[in-house]
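Chain order of the listed sequences is A and B.
When the letters of the first sequence are read in order and numbered with my numbering, they come out as residues 69 to 586.
When the letters of the second sequence are read in order and numbered with my numbering, they come out as residues 5 to 510.
No wet-lab data here; the hints were simulated from the structure.
If you're wondering where the values come from, they're calculated on a predicted model, not measured in any experiment.
One thing to keep in mind: the hints can contain errors.
Some, not all, of what chain B presents toward chain A, calculated at C-beta under 8 Å [what the hints assert, rightly or not]: (1) LEU132; (2) HIS150; (3) PHE396.
Label pairs and their computed distance ranges (CB to CB) [what the hints assert, rightly or not]: (4) A:ALA561 <-> B:ARG189: 30 to 38 Å; (5) A:GLU513 <-> B:CYS393: 37 to 45 Å; (6) B:GLN185 <-> A:GLU558: 41 to 49 Å; (7) B:THR141 <-> A:SER583: 58 to 66 Å; (8) A:ARG556 <-> B:PRO190: 35 to 43 Å; (9) B:THR141 <-> A:GLU258: 29 to 37 Å; (10) A:GLU258 <-> B:ARG486: 50 to 58 Å; (11) B:SER481 <-> A:SER235: 39 to 47 Å.
Every residue, glycine too, gets a C-beta built ideally from N, C-alpha and C.
Here's the letter readout for the chains.
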Amino acid sequence: MLNRSVCLTQSQLVLCTPYQYYTSWLKMAMAVDELPEIDFSDFTTTAASTTNSTTTPEDDHCHNWDGWFPVVDWDALPIHPEEKFGDLFDSEMDEETDKTVSYSDDDQNLASSDAMMMEPPVSALSDDCKELRLVHLLMAAAEAMASGNKNHDLAGVILVRLKDLVSSNEGTNMERLTAHFTDALLNLLEGVRGSAGGGGLHYKQTNHLHHHHRDDVLAAFQLLQDMSPYVKFGHFTANQAIIEVVTHERRVHIIDYDIMEGIQWASLMQALISRKDGPPTPHLRITALSRPGSGRKSISTVQETGRRLTAFAASIGQPFSFHQCKLDSDETFKPSSLKLVRGEAIIINCMLHLPHFNHRSPTSVASFLTGSKSLNPKLVTLVEEEGPEVEGGFVGRFMDILHHYSAVYDSLEAGFPMQGRARALVERVFLGPRIVGSVGQVYREEGGGCGSWGDWLKSDPGFQPMKISFANHCQAKLLLGLFNDGYRAEEPASNKLVLGWKSRRLLSASIWAYSESD
Amino acid sequence: MSETMSFGEPDPDLNPDQILGWLDDSTLHSPLILDDLYCTMDDPWFGLDPIDAKTISSSSSSSPIVDLFITDQPQQAASELSKKQKAPEDHTPRVGKNSSGNKKGAGKSAKGDNNIGSNKNGRWAEQLLNPCAAAITTGNMTRVQHLLFVLNELASPSGDANYRLAAHGMQALLHHLHCYQYPHRPDGRLEKAPSFTTSTPKLFKQSLIYFNDINPWFTIPNNIANNAVLQVLSEQDHGSCNALHILDIGVSHGFQWPTLLEALSRRPGGPPPLVRITVVPPTLDNHQLPFASCPPGYDFASNILRFAKDVDINLQFNKLDNIPLRNLNADAISFSEDETLIVCAQFRLHGISHNEPDDRTEFLKLMRNMSPQGVILSDNNMDCSCDNCSSFDSGFARRLDYLWSFLDSTSVAFKGRDMEERRVVEGEAAKALISMCEMNERKEKWGERMNGVGFVKHAFADDVVDQARALLRKYDSRWEMRVEDRSVGLWWKGQPVSFCSLRKTD
Chain A
69 MLNRSVCLTQ
79 SQLVLCTPYQ
89 YYTSWLKMAM
99 AVDELPEIDF
109 SDFTTTAAST
119 TNSTTTPEDD
129 HCHNWDGWFP
139 VVDWDALPIH
149 PEEKFGDLFD
159 SEMDEETDKT
169 VSYSDDDQNL
179 ASSDAMMMEP
189 PVSALSDDCK
199 ELRLVHLLMA
209 AAEAMASGNK
219 NHDLAGVILV
229 RLKDLVSSNE
239 GTNMERLTAH
249 FTDALLNLLE
259 GVRGSAGGGG
269 LHYKQTNHLH
279 HHHRDDVLAA
289 FQLLQDMSPY
299 VKFGHFTANQ
309 AIIEVVTHER
319 RVHIIDYDIM
329 EGIQWASLMQ
339 ALISRKDGPP
349 TPHLRITALS
359 RPGSGRKSIS
369 TVQETGRRLT
379 AFAASIGQPF
389 SFHQCKLDSD
399 ETFKPSSLKL
409 VRGEAIIINC
419 MLHLPHFNHR
429 SPTSVASFLT
439 GSKSLNPKLV
449 TLVEEEGPEV
459 EGGFVGRFMD
469 ILHHYSAVYD
479 SLEAGFPMQG
489 RARALVERVF
499 LGPRIVGSVG
509 QVYREEGGGC
519 GSWGDWLKSD
529 PGFQPMKISF
539 ANHCQAKLLL
549 GLFNDGYRAE
559 EPASNKLVLG
569 WKSRRLLSAS
579 IWAYSESD
Chain B
5 MSETMSFGEP
15 DPDLNPDQIL
25 GWLDDSTLHS
35 PLILDDLYCT
45 MDDPWFGLDP
55 IDAKTISSSS
65 SSSPIVDLFI
75 TDQPQQAASE
85 LSKKQKAPED
95 HTPRVGKNSS
105 GNKKGAGKSA
115 KGDNNIGSNK
125 NGRWAEQLLN
135 PCAAAITTGN
145 MTRVQHLLFV
155 LNELASPSGD
165 ANYRLAAHGM
175 QALLHHLHCY
185 QYPHRPDGRL
195 EKAPSFTTST
205 PKLFKQSLIY
215 FNDINPWFTI
225 PNNIANNAVL
235 QVLSEQDHGS
245 CNALHILDIG
255 VSHGFQWPTL
265 LEALSRRPGG
275 PPPLVRITVV
285 PPTLDNHQLP
295 FASCPPGYDF
305 ASNILRFAKD
315 VDINLQFNKL
325 DNIPLRNLNA
335 DAISFSEDET
345 LIVCAQFRLH
355 GISHNEPDDR
365 TEFLKLMRNM
375 SPQGVILSDN
385 NMDCSCDNCS
395 SFDSGFARRL
405 DYLWSFLDST
415 SVAFKGRDME
425 ERRVVEGEAA
435 KALISMCEMN
445 ERKEKWGERM
455 NGVGFVKHAF
465 ADDVVDQARA
475 LLRKYDSRWE
485 MRVEDRSVGL
495 WWKGQPVSFC
505 SLRKTD
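Excised from the complex, chain B in its bound form:
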């Protein structure tokens, strides 16, 4: 346990065990090869029987296509399902030379790498999903049905990234059709899908820990954020006598902070006299922002307090339950004047509406009004797919693109193996396909907004960048970090995934 993360000493080797020691389950279990989760007929998430006894008539709106895919005959569904479910599991590894099975999928991706930017090789799921979305947009229900039939044959939650994208994508399209047909009826399908909120706390933790260990999607932004906090502290002219207050509007569910606390404890000059972490979870009505919610019953407060004690940090921990972001202000977070406030907003702010009314800019103003010493902003670096910014099909294409990067990198990270943990994080990411509050923006646009309310970009210190790069080397080589215009971008196979930037008030 010798590694330090004190600022100023670049230390490439991060020992995850020490960080994870504070968890109840301190050892990573060996990955489980799970039986097919969805072999049961009463699991409607993938319980699709394409053939219904009803006659389909496209001209009659009373028999919507989505009904085709709701199993009304469990008996039949079971036999169809069990036949169907066995097949993808089996045939993915033994797939012939013409298809993109697991190994081949990875191989194909490798080939695709060589042309940075043109990454469409081997991405067949989108070649069914995008036309289907287009057909929905034009109202060509015959074509929609045809494509859904085909998707249903191919989709599998246990195959490689393409098969999974097909599965999630199809679910999303069905959901869309359902909402269109039955605007007031909830879609029961969603409630059973694997995600953070439907997992046990234990599975949730395992999933997130394992995922972060093998995929840098969040690890790198978290690492940069932590080091940026240290950077901000060190740049303050009046020593380190102030309390440190971190406003956590993020998705790390507490996993990010132990590293920081540890680093703070090793600071030359000692840690701040008080460290406050205020976590703002999403409000209860908002389940759909990917990665933002956690299972009911999950609570990391006691764990992190215990950890703080172990590393001699005076930690005050606060969780603002059910307080919408627009109600945040100095009072709400019990801000006191002599604190060093640093806002850490990671992968959450894109959930604030940027349409009329422009809640997003309003929130940024709120943040500005709190006069933080630093704001660390990380988010997806992509164009918006909401109704205002795009048509259904072009928006859907963007969402698919995002999910593809996630599924593809995750497939590589898990080395193609199927596990419950993998399905949980993938299910969580797949929320992006249907979430109404996914309103991403490119980092340039965020920059404009931040500048507009009175923030200025502040470059990351070299060490911050170096440490992140060093950390990134642990992961697959097709991940890249690009520092452009003082912000750090994370790229997968030549496509932008996320950005991270540091700002101060002007």
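So that you can see chain A by itself, here it is in the shape it has in the complex:
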């Protein structure tokens, strides 16, 4: 690993910058004098041991890598036995077969393709049997909820049965996953039954982190970063593009849609400072959007993140200033309220629905992206969940989300087969609420479009795809190489990198330039 990192100059690679910095910085700045009670007992990383070490920017970063990534030797790790339900869905989603798995809710006929639910041959192992049963039940529950049917009694009965069968803390991947999807559907059901007069569904912000103990959230976040490339992939790809674009800029202003804990920017600042050759470090300004009432419901508040980033920037000598842009409760973005400085390069950073993110409504995102046009940004970085691969009604898209998250669960298990409790924590704190959010979103949108935000940008003539550099692509591959080799990075378009697990695309990172259209 050491060799691979050295062959590319550090100014070009963000990867070299160790994450140990940020997380330890994060912890220190969280003002905990001692380690929080994070149970790493079943997580073999030595992460716990590094957090107390005082780090200085001048440390040989690469030297400390091994302390950060798990002790497991990736190359020696046997390939995880074919994930059971991955295959189940593989045939369903197989591009070669007739891909018209259309679940229109008027006629409940599934595609005539035999593959659905039939292949692969079901073994007599009761595990597989149970998984098959769970899938059938989930699908039936989704059908019952779909707007064409509204069989809420039936949905309720099925969900009760599911709750009897699974727990979110124990069992196989599929069982835990089913538990979260059951909760997601129950959430829908309660929303539908609760809404008086049967009016439109009330959109609830799923401020999930609210329900978890702060320490759990921190621990889960750290685990998520360490166990998977999901967070880093988006950050690194965006940051690399930013670095490449601001090479000669003196002032950089990043407007961040959802800053969360800010770790992306610590990484960027580190990379900016580390540019050994090249122009002096630009002044970095970050404006973070903040929403009313988020308060304690996030890993940290926007203000706290701002304070921390400011402190971190000071500690590494990065010229920095931080601003907030407060949104109204309807989350309409008003670019005019931003403080702009002449000559600064404006970067729009839009991270959406990463595992540890809150759910954001389409109106809010649309408002942000539309508003950003008037700022004439130099670069727009967009990271989002790779969208549903099926058109059609609620059932089809629900099953697609199930496929998506089963791939995510699989990927975590592949890397950390023994760390069931750690994975369960990440699932509970982050993935479960994401599932609830996604399912809710799809339910509300039923019948509407399901395009991605990338498509949205593409359809706007002002935004032009910007090429992902070779270095950026390499970096992504390097990053994935540190994890299980089931991960893959694809470049389906010149401006887009997609992170996938086996055959399932999970996360896409795209970059865009903007010029005012005539």
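Since the structure of chain A is already known, use the hints to place chain B on it.
Frame of chain A, contents of chain B only:
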């Protein structure tokens, strides 16, 4: 023992004990909460393990879906089963707020009452069963399999009415698939299902007695029929010197008649000099008509003769074994001219085919030829679900509708408790889902037929109706009696269940 049922004195309080005194087991035992009947792996009735080691391929007809649900691996089935069987039993009462468990089921039904006619609230089993039947009709085996998987997860013979309907319905669909796949192979599943014929005589009696005590499904038609007999007798102009001959083509298995005999014994002027009851049981090849058959070894002849003696009635009792209905005539029943013949046809005639050849009309003509003084006809008041009258799925939907009324009213009657007796009668009713001879008709259609062969409708006397209404008050308030066009209809939660009518020759 003071109540009388003599005609002319409306007497609302019926004391069941006196009627039941003639039975061997004179006391109703307290209801038993039975252990799950189907916990054993060798009970194939509910011994379903959805996963078979075989590969399922919808395009290959050699691996039919029904094989999926036949347990070939008892070991696995047992563990699956025991896990599965425990769950429904347990979770039905503690069911969460979103589902229709026992109590909630009843509660939901109550809500559904408020809109008479639209009774689909809380009926989730049909939302799986009907689409499955539709998928069978269109040949969409993927969908069939999916729905059967789901049904298998939810169905339970011990849950509330929905769960039971799911269980019976699924069995019926599997049976249908089995018959389609293996037309010449009998379906072993059926032989083990609880029903009248698979019960011991003792259980059978207990079941029927208990059921009639809490659900008026048969009690009311029987009551009306008995009183109608008395009405016919009283309307005869030449006194009561004739022998009374009742031709019993019914499903009461003897429980109906003691009440009548008692009432006859208290008639002003005394009972008829001779009372003959000729019972025509279904022929041996016809097991499928719900409620019509009884366990081998069950025989109420001696009991009823003994009872008749106790109430001083000169009773002649005759059972025409294995004589098909089409062979009935005056000779077959040993009819003599000076008898008052009254035919009591209850819930049996819908089993006579009404397709080409129209055996049904032929039989009605036969009846007419016997010149009875009265014909009491009771039957299900619903549309036909046979192959000629409907497609498989619409016919199945009708059958489900019927069974739903039965299961729902029975669930209420048993107050949600699970008992062997309950399963027996429900299993018997569930035969309607698979019976090839279920050819129901609406009461209007019956009326046309009867008129066509020379019968005329005759109104029930007020007292007959009043007594039936009074009796009905003993049962759940969601039962209704509606007198329309001189026939009496029995309705459950605003849906028609059965009708009862009296006819004389024109």
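How the hints compare with the structure:
no.: 1; hint: LEU132; result: holds (7 Å)
no.: 2; hint: HIS150; result: holds (6 Å)
no.: 3; hint: PHE396; result: violated (17 Å)
no.: 4; hint: A:ALA561 <-> B:ARG189: 30 to 38 Å; result: violated (59 Å)
no.: 5; hint: A:GLU513 <-> B:CYS393: 37 to 45 Å; result: holds (44 Å)
no.: 6; hint: B:GLN185 <-> A:GLU558: 41 to 49 Å; result: holds (46 Å)
no.: 7; hint: B:THR141 <-> A:SER583: 58 to 66 Å; result: holds (60 Å)
no.: 8; hint: A:ARG556 <-> B:PRO190: 35 to 43 Å; result: violated (55 Å)
no.: 9; hint: B:THR141 <-> A:GLU258: 29 to 37 Å; result: holds (35 Å)
no.: 10; hint: A:GLU258 <-> B:ARG486: 50 to 58 Å; result: violated (40 Å)
no.: 11; hint: B:SER481 <-> A:SER235: 39 to 47 Å; result: holds (43 Å)
Checked against the numbered hints above, the structure violates hints 3, 4, 8 and 10; every other hint is satisfied.
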